[in-house]
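Student: Sequence:
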Amino acid sequence: MISGRRLLRAPARGPLARLGRINWLYVLLICLLGGVGYAALYSAGGGAPQPYALPQTIRFGVGVLMMLTLAMLPPRLLMRLAWPLYGLSLVLLGLVLHVGHVGKGAERWIVIGGVQLQPSEFAKIALVLVLAAYFHRIRWERLANPLFLLPPAAMVLLPVALVLKEPNLGTGAITGLVGLSLFAAAGMRLWQMVALALPLPVLARLAYAHLHDYQRARITTFLHPEQDHLGAGYNIIQSKIALGSGGLWGQGYLHGTQGQLNFLPEKQTDFIFTMIAEEFGLVGGLSVIGLLVLLVLGGMLMALRARSQFGRLLALGIAMNFFLYCAVNLSMVMGVIPVGGVPLPLVSYGSSAMLTVMFGFGLLLSVYVHRDERLEARDPDGL
1 MISGRRLLRA PARGPLARLG RINWLYVLLI CLLGGVGYAA LYSAGGGAPQ PYALPQTIRF
61 GVGVLMMLTL AMLPPRLLMR LAWPLYGLSL VLLGLVLHVG HVGKGAERWI VIGGVQLQPS
121 EFAKIALVLV LAAYFHRIRW ERLANPLFLL PPAAMVLLPV ALVLKEPNLG TGAITGLVGL
181 SLFAAAGMRL WQMVALALPL PVLARLAYAH LHDYQRARIT TFLHPEQDHL GAGYNIIQSK
241 IALGSGGLWG QGYLHGTQGQ LNFLPEKQTD FIFTMIAEEF GLVGGLSVIG LLVLLVLGGM
301 LMALRARSQF GRLLALGIAM NFFLYCAVNL SMVMGVIPVG GVPLPLVSYG SSAMLTVMFG
361 FGLLLSVYVH RDERLEARDP DGL
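Residue numbering for the sequence shown follows my numbering, beginning at 1 and increasing consecutively.
What the hints contain is simulated information worked out from the structure, not anything from laboratory work. Glycine included, each C-beta is placed from N, C-alpha and C at the ideal position. A portion of the hints provided could be inaccurate.
[Said to hold, decoys possible] Restraint-style ranges between C-beta atoms, simulated for each label pair: (1) Ala154 - Phe263: 43 to 51 Å; (2) Met66 - Leu286: 24 to 32 Å; (3) Ile241 - Ser287: 34 to 42 Å; (4) Trp83 - Gly46: 40 to 48 Å; (5) Gly87 - Lys165: 36 to 44 Å; (6) Ala161 - Trp24: 35 to 43 Å; (7) Phe263 - Arg307: 51 to 59 Å; (8) Trp140 - Met300: 13 to 21 Å; (9) Leu286 - Gly47: 20 to 28 Å; (10) His255 - Ala195: 50 to 58 Å; (11) Gln50 - Leu16: 37 to 45 Å; (12) Ala48 - Ser287: 20 to 28 Å; (13) Leu88 - Ser287: 33 to 41 Å; (14) Gly87 - Ile241: 40 to 48 Å.
Whenever a hint applies, use it, and build me the whole structure from the sequences.
Tutor: Written out as structure tokens, the structure is:
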């Protein structure tokens with residue numbers, strides 16, 4: 001027998017009313033982080049707005065407009081768009097493997113209309129959307145049946161496999177973890193999680209056997225960076241030197257020795273937090289981390305305020321994606337995990353990561369603006 005429930009939607013509100021319901025404090029925190037990014041990229045450019053700070057500021061401005069526009073869209077429209085956007089993300093990931101632009105030994109970018117895009121970033125947001133839409137229509141009790149977990153598992157594995165094929169190990173791992181977090185939030189049982197984790201050691205050995213040489217070098221460097229201090233271990237050694245030389249208060253803005261003398265590699269992208277910590281010290285580094293924590297916690301609180309399962313899962317997935325971005329980048333530059341080429345969101349230089357994060361924040365704000373709306377949930381008997 002097909003069972004279901006139809007919940008009343010809140011009355012439609014005008015654009016001005018929706019604009020007033022935006023969490024402007026959260027928008028302010030986003031702008032503060034964007035300001036940190038401008039200051040850091042200005043320093044990375046040798047005390048000049050070019051070549052990093054000014055282009056990034058323009059992208060941020062476009063991102064803010066996109067974010068506020070998305071915040072006006074109702075969740076039921078987002079739920080309708082979930083499958084088309086997910087399908088588009090898979091098409092773009094497939095295009096990368098055939099006509100992708102090669103950079104740093106991997107095919108990760110495609111050029112559309114003169115704009116360089118990294119589809120793997122967009123795929124994470126599309127995955128969050130489609131998983132939230134799927135789990136919204138399935139009652140919690142039915143998730144005890146593994147058959148109901150097979151479709152979303154395939155939804156996760158498809159983009160992860162395509163991203164790993166590029167290869168992009170860091171983004172692939174984040175994509176998988178974002179998907180797993182939504183499984184847990186939707187009601188996946190503990191025994192199912194344990195069963196899923198049992199084959200991980202075997203899979204890890206198989207994955208290691210198929211890693212590229214430069215990816216294995218990253219793991220070896222992580223364990224013994226001093227063995228090749230002028231080669232594979234150079235990046236992380238310089239990063240640790242810069243972190244330590246910052247001390248409590250830092251060497252001063254535009255006066256960091258490792259960063260300004262170009263000893264610090266990729267200071268405008270992967271290792272930008274290291275340059276911030278060198279110039280502003282432990283106090284500055286903790287201040288940036290505190291701002292990142294506020295954004296993550298704010299996203300999770302907005303998820304709790306949503307009255308629909310779709311809204312809760314969508315907001316949680318966006319917040320988790322942002323958290324993993326930050327956690328992986330900070331752990332990487334501190335030498336806690338191997339270097340994986342994951343940027344610090346809204347701070348590191350780059351267009352795809354910036355616009356994708358702002359796209360995700362727009363979806364998050366949409367959930368908050370329409371937090372009182374309830375969506376119809378259909379619960380099928382089978383797949």
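Student: If any of the earlier hints don't hold here, list their numbers in rising order.
Tutor: The structure breaks hints 3, 5; every other hint is satisfied.
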